[in-house]
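Chains F and Z are the protein sequences, given in the same order. Here the first sequence stands for residues 1 to 368, where the numbers follow the numbering used here. Here the second sequence stands for residues 1 to 195, where the numbers follow the numbering used here.
Since the hints were made in silico from the structure, they are not lab data. Please note: incorrect hints may appear among the correct ones.
Listed next, the stretches of chain F that the computed footprint assigns to chain Z, with coverage defined by at least 3 CB atoms under 8 Å from CB atoms of chain Z [stated by the list, open to error]:
hint, region
1, 38 to 46
2, 203 to 214
Non-contacting residues of chain F with respect to chain Z, defined by C-beta distances greater than 10 Å in every case (computed) [what the hints assert, rightly or not]:
hint, residue
3, K194
4, K223
5, S267
Simulated crosslink set (SDA-like; lysine to any residue; CA at most 20 Å straight-line) [to be verified]:
hint, chain 1, residue 1, chain 2, residue 2
6, Z, K37, Z, D80
7, F, K32, Z, P142
8, Z, K146, F, S52
9, F, K46, Z, P106
10, F, K31, F, T347
11, F, K31, F, S52
12, F, K275, F, D240
13, F, K46, Z, P143
14, F, K31, F, V66
15, F, K320, Z, W64
16, F, K46, Z, D149
17, Z, K49, Z, D128
18, F, K46, Z, D139
19, F, K342, Z, D128
20, Z, K146, Z, K49
21, F, K46, Z, P150
22, Z, K49, F, K46
23, F, K320, Z, I91
24, F, K342, Z, P150
25, F, K342, Z, I134
26, Z, K157, F, F7
27, Z, K17, Z, V32
28, F, K46, Z, N7
29, F, K223, F, P203
30, F, K229, Z, N7
31, Z, K37, Z, I134
32, Z, K131, Z, P142
Ideal Cβ placement from N, Cα and C applies to all residues, glycine included.
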Amino acid sequence: MRELKLFLGPQHPGMHGNAAVHMYVEGDIIKKSYLLPGMLHRGFEKGMERHSWINNISLIPRVCVVEPDINEMAFAQGVELLAGIEVPERAHYIRMIILELARISIHMMAYGGLGSPTGNYTLMYHAHADRNTILNIFEKITGHRVYHQYIVPGGVRKDLPKGIEEDIHAFLDSLESRYEEYRDLGIENPSLLKRIKDTIMLPEEVVWDLGVTGVGMRSAVNKPYDLRKVKPYARYDQVDFEIPVSSYSDARARVDIKLKEVVQSISIIRQALEKMPTGPVRVPLGRGQSMRWTVPSGSVYSTVESSRGEFGYFIVSDGKTHPYRVGVRGASYPQGLLGIEKYLPGTRIDDAALWVDTMGVCSPEIDR
Amino acid sequence: MTNSMSNVGRINTLMGKNFSLIDAKIIDQYQVSYVLKKDDIHRALSVLKSNGFRQLSYLSCVDWPNDHEIEMVYIVMNWDEALHIQLHARIDRDNPVMDSILPIYPGAKYYEREAHEFFGVAFPGNPDYDKQLILEGWDDIPPMRKDFDPRAYSDKKFTKRDPKENFEVTDKTSKRPRQERREERANNLRTGGKK
Numbered sequence: 001m002r003e004l005k006l007f008l009g010p011q012h013p014g015m016h017g018n019a020a021v022h023m024y025v026e027g028d029i030i031k032k033s034y035l036l037p038g039m040l041h042r043g044f045e046k047g048m049e050r051h052s053w054i055n056n057i058s059l060i061p062r063v064c065v066v067e068p069d070i071n072e073m074a075f076a077q078g079v080e081l082l083a084g085i086e087v088p089e090r091a092h093y094i095r096m097i098i099l100e101l102a103r104i105s106i107h108m109m110a111y112g113g114l115g116s117p118t119g120n121y122t123l124m125y126h127a128h129a130d131r132n133t134i135l136n137i138f139e140k141i142t143g144h145r146v147y148h149q150y151i152v153p154g155g156v157r158k159d160l161p162k163g164i165e166e167d168i169h170a171f172l173d174s175l176e177s178r179y180e181e182y183r184d185l186g187i188e189n190p191s192l193l194k195r196i197k198d199t200i201m202l203p204e205e206v207v208w209d210l211g212v213t214g215v216g217m218r219s220a221v222n223k224p225y226d227l228r229k230v231k232p233y234a235r236y237d238q239v240d241f242e243i244p245v246s247s248y249s250d251a252r253a254r255v256d257i258k259l260k261e262v263v264q265s266i267s268i269i270r271q272a273l274e275k276m277p278t279g280p281v282r283v284p285l286g287r288g289q290s291m292r293w294t295v296p297s298g299s300v301y302s303t304v305e306s307s308r309g310e311f312g313y314f315i316v317s318d319g320k321t322h323p324y325r326v327g328v329r330g331a332s333y334p335q336g337l338l339g340i341e342k343y344l345p346g347t348r349i350d351d352a353a354l355w356v357d358t359m360g361v362c363s364p365e366i367d368r
Numbered sequence: 001m002t003n004s005m006s007n008v009g010r011i012n013t014l015m016g017k018n019f020s021l022i023d024a025k026i027i028d029q030y031q032v033s034y035v036l037k038k039d040d041i042h043r044a045l046s047v048l049k050s051n052g053f054r055q056l057s058y059l060s061c062v063d064w065p066n067d068h069e070i071e072m073v074y075i076v077m078n079w080d081e082a083l084h085i086q087l088h089a090r091i092d093r094d095n096p097v098m099d100s101i102l103p104i105y106p107g108a109k110y111y112e113r114e115a116h117e118f119f120g121v122a123f124p125g126n127p128d129y130d131k132q133l134i135l136e137g138w139d140d141i142p143p144m145r146k147d148f149d150p151r152a153y154s155d156k157k158f159t160k161r162d163p164k165e166n167f168e169v170t171d172k173t174s175k176r177p178r179q180e181r182r183e184e185r186a187n188n189l190r191t192g193g194k195k
């Protein structure tokens, strides 16, 4: 059979973001494949060296478009660790609420994204409608829908607005009441199940070879390797939640884990809203001169559990007003680049989109 | 999966026993940083990997032009002990060569390609470290080096926009004081344009 070269993306309903998968196929079996990144390279790492610590707050959320809050959290945590800032207690809880709302929104988007490569568009519209409700809540809290610039070194930018708890509770209740419906629509749906069950399995050895973290890792190694539990940041050690795991990782298992994580996130937000103390939410960095604020020299690697795995910022300071170097470890680096090259050959063409969706490949954070 | 300072202590003695550390720093209970000699990096990574640090979290470089050196940074993680370890080693900046760590961590392949593209470090042992990854048709020094100036590059690379239209104010009447113009407008309204 003749070998053909095919391009999946960047304009394909199953391709997330501005990257393309190049593949050589025989029939519909992939023989060779690799990701072509670079269409969204904006030079953020260089840009961060040219802006002051505080100016950078407006740059960092743009590193990953669909999930900006983890960027802010990782950067803020790293700077706080370097500068030795103690964040107020209330700010920790607000951060947790923001991060978990963001996690629900991205899981919903990925779950809805499953609809487009499999032809189940109803699922996509429902999931995106729920994501929109979360964006509305974000708009009330931070003033922005997507790039919030809310979590800053020293706390959060502003306190929660009055009455936002009712909005959040109302959303969580409505999501919870429709949770079974969601499962029926998606992973319990027989037509979809045929496509995602036993497709693109991920054995445990491959996880360690690639360096995959997050949902992909937990679904294969059957251990709760989640940074929120392993090295708790914010106040994740003060709330009760479980890490869903499985020992057999196919597309269905990974989507199942994402849906179970949504339930855990709902419970975390409720606990955080309940346990949240009153008080200040931000410590001032410098007295009226935050643009000239300096950070002691050193290098830290600060990590946050994103929806796709370990998301890290490597920050080097030389004691001046600007960072000396900021390196971003995109969580989708292993599964996006090496995973597609090494692991996709042997599967079918339409499985490529399922890999991208269920493993979580965010091309903006690969390019930066 | 418990973390305590004892894990840090265990790694500290392990590293101190096996390697001549240039610098060691405990950042917090989840993170330690070591500065090693360039030749020790591969041995250190092997020792760490056999001690449970199975995941390579990050690989990158930091440019120090004043010292004529490039600093290689390797960050590995142990999920069971909840510990990140930074390994730093400095290499010559004018001829930056660092043997690939591909045999130890296969996941390093694309990190090394990126480091080559942005810092110009060569990684013999990695079969296609010098292939193009993100930057398309790059024709200057590696962009993440400190002496690369983005503004000078864009001035050299792209043509300056030359606006054909002249936006200078030529109508002298518009330079009259605002008060005067407002009065005239009010008069016009009142008298219908007649004096």
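### Query
If you draw a straight line from the CA of K37(Z) to the CA of D80(Z), is it 20 Å or shorter?
violated, 28 Å
### Query
Quick check: the region 38 to 46 of chain F, covered by chain Z? Criterion 3+ residues, Cβ under 8 Å.
With 5 residues in contact (Cβ-Cβ under 8 Å with chain Z), the coverage given for the region 38 to 46 of chain F holds.
### Query
Under the criterion that the straight-line Cα-Cα distance not exceed 20 Å, is the pair K46(F), P143(Z) satisfied?
Within the cut-off at roughly 8 Å; holds.
### Query
Is the hinted pair K342(F) and P150(Z) satisfied, with a Cα-Cα distance of at most 20 Å?
This hinted pair is violated, its Cα atoms lying about 35 Å apart.
### Task
Compare the distance between the alpha carbons of K46(F) and D149(Z) with 20 Å, and conclude whether the hinted pair is satisfied.
Holds - the C-alpha atoms of D149(Z) and K46(F) are around 10 Å apart, at most 20 Å.
### Message
Please verify that the nearest CB of chain Z lies beyond 10 Å from S267(F)'s CB.
### Response
Non-interface label stands for S267(F): nearest chain Z Cβ at 21 Å, farther than 10 Å.
### Task
Assess, step by step, whether the Cα of K146(Z) is no farther than 20 Å from the Cα of K49(Z), and give holds or violated.
Judged against 20 Å, a Cα distance of about 32 Å means the pair is violated.
### Message
So if I understand the rule, the pair passes when the alpha-carbon distance is 20 Å or less; does K46(F) with N7(Z) pass?
### Response
violated, 35 Å
### Query
Taking only the CA atoms, is the gap from K17(Z) to V32(Z) under or equal to 20 Å?
Satisfied, since the Cα-Cα distance of roughly 16 Å is no more than 20 Å.
### K229(F) paired with N7(Z) [C-alpha distance capped at 20 Å]
holds, 17 Å
### Task
Please work out if K37(Z) and I134(Z) have their alpha carbons no farther apart than 20 Å.
Given that 20 Å is the threshold and the Cα spacing comes to 30 Å, the pair is violated.
### Task
Would you check the hint for K320(F) and I91(Z), treating anything up to 20 Å between C-alpha atoms as holding?
Roughly 24 Å separates the two Cα atoms, so the pair is violated.
Hint compliance for this structure: hints 4, 6, 7, 9, 11, 14, 17, 20, 22, 23, 24, 26, 28 and 31 are broken, all remaining hints hold.
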